[in-house]
Structure formats: C-alpha cells, structure tokens
Amino acid sequence: MTDDIRKPYAVSVLTMFPEAFPGPLDVSVIGNARKESGLWTLETVDIRAFSSDKRGFLDDTPAGGGPGQVLKADVIAKALDSIDVSNRPLIYMSARGKPLTQDRVREWSEADGLIVLCGRFEGVDQRVLDARGFEEISVGDAVLAGGESAAMVTIEATLRLIPGVLGASASLENESFEDGLLEHPQYTRPRTFEGLDIPEVLLNGDHKKAAAWKQAQREATTKERRPDLWAAYLSKSQAKGT
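All residue numbers for the sequence shown refer to the UniProt record's numbering, where the first residue is 1 and numbers rise by one.
Treat the hints loosely; a few may be bogus.
To be verified - Below, a list of computed lysine-lysine pairs in the DSBU-like style, where the Cα atoms sit at most 35 Å apart:
#, residue 1, residue 2
1, K240, K208
2, K236, K223
3, K223, K98
4, K98, K78
5, K214, K236
6, K78, K7
7, K98, K7
8, K236, K98
9, K98, K240
10, K78, K35
11, K209, K236
12, K54, K78
13, K208, K236
14, K214, K98
15, K208, K223
The set of hints was computed from the structure by calculation and includes no laboratory data.
Please model the complete structure; the sequences and the hints are all you need to start from.
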C-alpha cells in the first residue's frame, strides 16, 4: 500500500476513563495530523458500558485471594468484540509487560492501526489476554494507577512513525534508539548561555567534523547512560565487521 492512498491509522482505546483522551495526543503535530490532515483516527471504548451486572460492576475479587479487584474477562471481551480488530495489534498496558521499544512501535506503525487496553485495579483476568492474543507492554519499571497515561506514550511513539505525521522523514534518522544509540546533545542560539558556549565544532562550518563529533557524543552518552544498549550496539557492530 502506497503512502498516498493509505487509510487513516485507526487507534482504539479500551478504558474505564474515555474522558482522559485524547489528552496530549490532541496537541502539536500529532494532534494536527488527526484534526487537520486526517492521518489517524481515535476511538475510545468505555468498558464500563459492557458490564452485565445491573449495578455496573466490571471487576471482582482475585481468585486465590489477595488485595484489590480484577477486571473481568467477559466484560473486556465484550468491549473488544464491539470494534473491528482487523490487522490491528492488541496491546495491554502492564507493568509486567515487555519493554516498549522503537523497533516494536515501528512494526505497529506498519499495521492498519492499534488497539490498546488500559487496565485498572490489580489488572485484567489473564484468560482474556491469552484468548484474544493481547501483547503486554510496559513503558518503564514503575507501577501506575492505570494504563491511560502509558497508553498515550505508546500511541504517540507509534503515530510519530506514520508517514506524513512529522513531515520530513529525515527528522527521524538520528533520533535515540533508531540505530541502537541515544541522541547527541542539541544546541541553538544564543551562542553563549550563562557562561556556557555551543561547542565550536558545531559552528565552524565543517559538516564532516560536526557529524563525527555528533557520532562520538552519541556513543559516549549511550555507553554512560545505557550500558545495555551500548553492549548490544557493540555486538551488532562486531557482527557486521565495522
């Protein structure tokens, strides 16, 4: 499918709090890509509407005991069955999930859209996750009150890669994680700020030296801040013989 005839990227969010959306997804280039360019769409599904309990309960006590409540499998299944899931990955935001990565969001951006389930309480009955093929994803080693803010992170990271959302694709080439390294430091005018100068190598017009400096900075920053990424980068470079 070519970019010029691509259908809008369809995002659906299953949540107890649809009023939380679009939130930050409605501002800047991401928001403009939906409201003005029509490059993506957003649908929120209130899972509370699918409770068969006359009191509207959609959770129950954990099997085997324990604190808190668990979202019921049948309620989540009914909410999911109310929308079209064709060629759209199913994501469940979970602290125990696999880490969100640039490689993963790049894969999702090539689908027709994304379906994200936001949990609450102690989580979601595992059976609906297994039966429907949800992939559990975490945005970091911390526990949130619910999946809504994590969902926004995941959705925004994916939408940035949809053709046309950010305009020129060149802006993506040297970003953190795109080639296994973190991004280099960025500077702009004024030339001096509170006694600190822009590195001279970025000002002398020698683009080759500037590029080499940026690469060295990316490597040094990655080695210092993310030794895991640095080790993987070295391993990949060695395998390529570079």
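Structure-based check of all given hints:
With a C-alpha separation of about 23 Å, the suggested pair K240 and K208 falls inside the 35 Å cut-off, and the hint holds. A distance of roughly 15 Å separates the Cα atoms of K236 and K223; the hinted pair therefore holds under the 35 Å criterion. For the proposed pair K223 and K98, the alpha carbon gap of about 23 Å is at most 35 Å, so the pair holds. Using a Cα cut-off of 35 Å, the hinted pair K98 and K78 holds, with the two alpha carbons roughly 25 Å apart.
For the suggested pair K214 and K236, the alpha carbons sit about 20 Å apart, so the restraint of at most 35 Å is met. For the hint pairing K78 with K7, the CA-to-CA distance comes to about 26 Å; that is within 35 Å, so the pair holds. Distance restraint check for K98 and K7: the Cα-Cα separation of roughly 29 Å lies within the 35 Å cut-off, and the hinted pair is therefore satisfied. Restraint check for K236 and K98: the C-alpha separation of about 21 Å stays at or below 35 Å, so the hint holds.
Between K98 and K240 the CA atoms are separated by roughly 27 Å; this keeps the pair inside 35 Å, and the hint holds. For the suggested pair K78 and K35, the alpha carbons sit about 29 Å apart, so the restraint of at most 35 Å is met. With a CA separation close to 25 Å, the supplied pair K209 and K236 stays within the 35 Å bound. Among the hinted pairs, K54 with K78 is consistent with the structure: their alpha-carbon atoms are about 16 Å apart, no more than 35 Å.
Our distance criterion of 35 Å between C-alpha atoms is met by K208 and K236, whose separation comes to about 24 Å. Between K214 and K98, the direct Cα distance comes to roughly 31 Å. Compliance with the 35 Å bound is thereby established for this hinted pair. Taking the CA atoms of K208 and K223, the gap is about 23 Å. The hint holds against a cut of 35 Å.
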